[in-house]
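These are the residues of each chain, in order.
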Amino acid sequence: MAVTTTTTRPAVAPATARRGRRASRPLVVVGILAIWVVGWLLLRHRDTLALGKADLTPLHRWINDVNDTVGANRNTSPIFLYFFNEIRLVIDTLVTFVQGLIAQPSFGRPVPVLGWLGVVALVAYAAWAFANWRVALLAAAGFVLFGLQGLWRESMDTLALTLSAVLVALIFGIPLGIWAGLSDRFNRLITPVLDFMQTMPTFVYLAPLTLFFLIGPASATIATLIYAAPPAIRLTAHAIRSVPESPREATESLGATRWQTLTKVLLPLSKRTIVLGANQTIMAALSMVTIAALIDAPGLGKTVIKALQTLDVGTAFNAGLAIVVMAIVLDRVTTAASARVEEGRRHVGGRAERLRRPLLAAGGVAALVCAYLSYTYVWAAEFPSGFEVGSYVSRAASAVTDWAQGDVGTVTGGIKEAVTVGLLNPFQGFLSDSPWWLVGAVVVALAALLGSVRAAVTAAVCVGLLVATGLWQDSMSTLAMTIVATLLTMALGVLVGVWMGRNRLADRIIRPVLDAGQTMPAFVYLIPFLALFSATRFTAIVAAVVFAAPVAIKIIADGIRGVPETTVEAATAAGSSTWQLITKVQLPMARQALVLAANQGLIYVLSMVVVGALVGAGALGYDVVAGFSQNQLYGKGLAAGVAIVLLGIMLDRITSAAAQRSGGGTIPRYK
Amino acid sequence: MRLPISKGGRLAGVSVVTAVALALTGCGGAKIGASGDSGSGSGKCGTFNIAINPWVGYEANAAVLAYVAEKELGCKVTKKDLKEEVAWQGFGTGEVDAVVENWGHDDLKKKYIDDQKTAVSAGSTKVDGVIGWFVPPWMAKQYPDITDWKNLNKYADLFKTSESGGKGQILDGDPSFVTNDEALVKNLNLNYKVVYAGSEPALIQAFRQAEQKKTPLIGYFYDPQWFMSEVKLVKVNLPAYTPGCDADAEKIACDYPAYDLDKIVSKKFADANGPAYQLVKNFQWTNEDQNTVAKYIAQDKMSPEAAAKKWVEANQDKVKAWLPK
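Respectively, the protein sequence lines represent chains F and L. Under full-length UniProt numbering, the first residue of the first sequence carries the number 1, and numbering increases by one thereafter. Under full-length UniProt numbering, the first residue of the second sequence carries the number 1, and numbering increases by one thereafter.
By construction, these hints were calculated from the structure, which means they are not laboratory data. The structure displayed is predicted, hence computed values, not measured ones. Just to be clear, a hint being listed does not mean it is correct.
Derived lysine-lysine pairs resembling DSS-like cross-links, with alpha carbons at most 25 Å apart [what the hints assert, rightly or not]:
1) LYS44(L) x LYS267(L)
2) LYS160(L) x LYS53(F)
3) LYS53(F) x LYS301(L)
4) LYS53(F) x LYS193(L)
5) LYS53(F) x LYS251(L)
All chains, full assembly: derive it from the sequences and hints.
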């Protein structure tokens, strides 16, 4: 504990009490686990609350009835006529307008207002003006690539929808975030809502959304927005809260009003983090592209889904690659822009600033000329065909898939068997074959021991609600897979994270791969995975690890790099070997990062539960997907969605409390 | 630190010059709108909103209908990619006019045709749907008696996997389809466990590999399906279906019924009785026709429009019969 110098807040329990309890804590934990094993041996298969895949509970039927009633009253209820319809109209108009600008034929023209040349020029110019010339080049190259891939219109549709969703998310998210940053009470109120928005599987609200907002851009935008807005709110609140006390107090003592404090001190000081929030919102919005395509959202997602109907991995990969490139471009530009905000604050009015003005003006004129050209001439409006690289990309991806299907399968099958038989099956057996009250009691006791009384209360409430959803056994299967996937995520996270943290070059090479893992639509790589591991729970776990490991790796690499240079040098001078340096100095000192990585890894793994169900995970994820597809299972799907949220909240609160108690500091609550 | 500015300056200079040069040379290019846009969709047909459910056979039906509606009737066709439930919901809100291949879905029929009265049936497509348990062809050859359900327990050991807990595995698939498989396993006393692959691609991939590598697999599948023309799966015969044998979901011990795949349209669309509605109502073809178009799309990688064009041009007589009189 002594090495933990990064603790940001004193732990909750008084130090003396902690020391007294800690001595016996591991023993008690072992005792609880022993009781569980004995209980499992004696009471196996009793009170497991199993429910067949086609069976429903009264709660599920009741939700079905509510859903049907809403549907039946859609066209007569005043709430629909004067509230939802108005919202739909505004958002539809916004999206259609942006689409008309860059993606779809509009205003009586056979092509959009801006052609490819105009879009590329304006994007590059904006990247240069708000960030720097390097990301401007990257942006231009990325956008030209969309055209070369033969996906210009699809990419622009996706961009239009994403930008509209992000715009609306920020319009509401930033004020809400400011409020949450200023008011503790509002923050407490909104945190569970945000948890809910981020962990509730989209499939659950996709069908109801089309009932409320009809089929069209509005529903797709709102679906995207629900998932994408929370990071903006959280990071804004976090930014406002992290403004040091002294400037705030200073302005207040000078008699500034609250409004003045906000606009003159708080907002300027938190600008950088707020831009980062916008960045996370963009990333989250892009991860919704394929799901939104299920309700007719235009763009790249449709290409992916259509291709997968015929198992055409090549075409799906080509479109997936465009999504990844768009994500990387938008990420780098916004990150560079936030760094510029920081820098700009430090050097105001330097020589460079004076030089920059005329240059910016000249660049602006150039961009406008390009825009005009693309408005007027066909060659600048429609991306010239004939330089297609898309078909090469598709063919290469198909070849790799075929290779994977051929020979590698035998080796990977062995890995799958080992993990499933050695780890997953016994663990899942423990969780889902024990009586529910035994598992519940063990969870609550562990929460109290490792975390806090408060975490135990939360855990107890969650256990109770899980039972009420009628999906206890499915929840336990999902929990088992989640924990195994999180363990693998952390193993990978430590391995690669340490490497990246210690080696700049490795960092630079691996980082784009990580970005791809986070934004490539899962199904594109799941088809080859199915070839390697067949439709099993293990495939689902691998999918979750691919999505969750990048976050864990990035956080751990960051933590390792955060260890003070002097400490590392001192240890090296004292004759530590590399292994000792890593295990005795760097990892212990990056403890807070490790805890944060585990917590975020868990949440990310949970957000893949539904995708995992598409490749053999079964359990809660399958209930959700089936509920989206089959009318009579709707209620059950909704209940399963709630169960996933409950698991998320329970695991999050227990790990957070455990981290706080063990001196790892508080976990910043954002994604 | 300030290096970027000088480079940025050069960049701006270069881009201005390039842009001006482009502006000058570009003046020779074709102008937008000069060629004139052929105003389609001006006929009395108006807009025809057709839902596209996510499977290739459906897409084949829809592509041919859309092609004929556009070319012969002058409709403006809007295709909307939607899952079944969402598409049916669209009948009431006026967003969807027609669903052109429906697999049973008695629950949706009850909800939207009987209760909400927003949808009506537009008759059969004359394509027959079969749902059931299938094995890859190599298994049917090597174990000829496996196609009788009574022998399934004998082969249960073959189908064991890491997922099935010591029993044989029955791979269920697409969550969109109604399955009675858990009840079937129980009521037929089969030593099997139902495992949920969870999606159509996962199922197809499983069958494809089972045939390639000659590994055992039994699972839920259906016909017509484009994959059947790649690997002709063999159906396992469960106790024959008799009307009413599936009345009580928990006691089902019989095979799935044969599905007469039909078309559903919105009530408004039917009442207006426009040319597009009559086309949908008259539309009928065979499993072979659908498989042909599905093969163009899935295996020959043609766009749905191109596939439809090819088929329509080769089958003018069939298309004639669909057109409004």
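Comparing the hints with the structure gives:
no. : hint                 : in the structure
1   : LYS44(L) x LYS267(L) : holds, 19 Å
2   : LYS160(L) x LYS53(F) : holds, 21 Å
3   : LYS53(F) x LYS301(L) : violated, 36 Å
4   : LYS53(F) x LYS193(L) : holds, 12 Å
5   : LYS53(F) x LYS251(L) : holds, 15 Å
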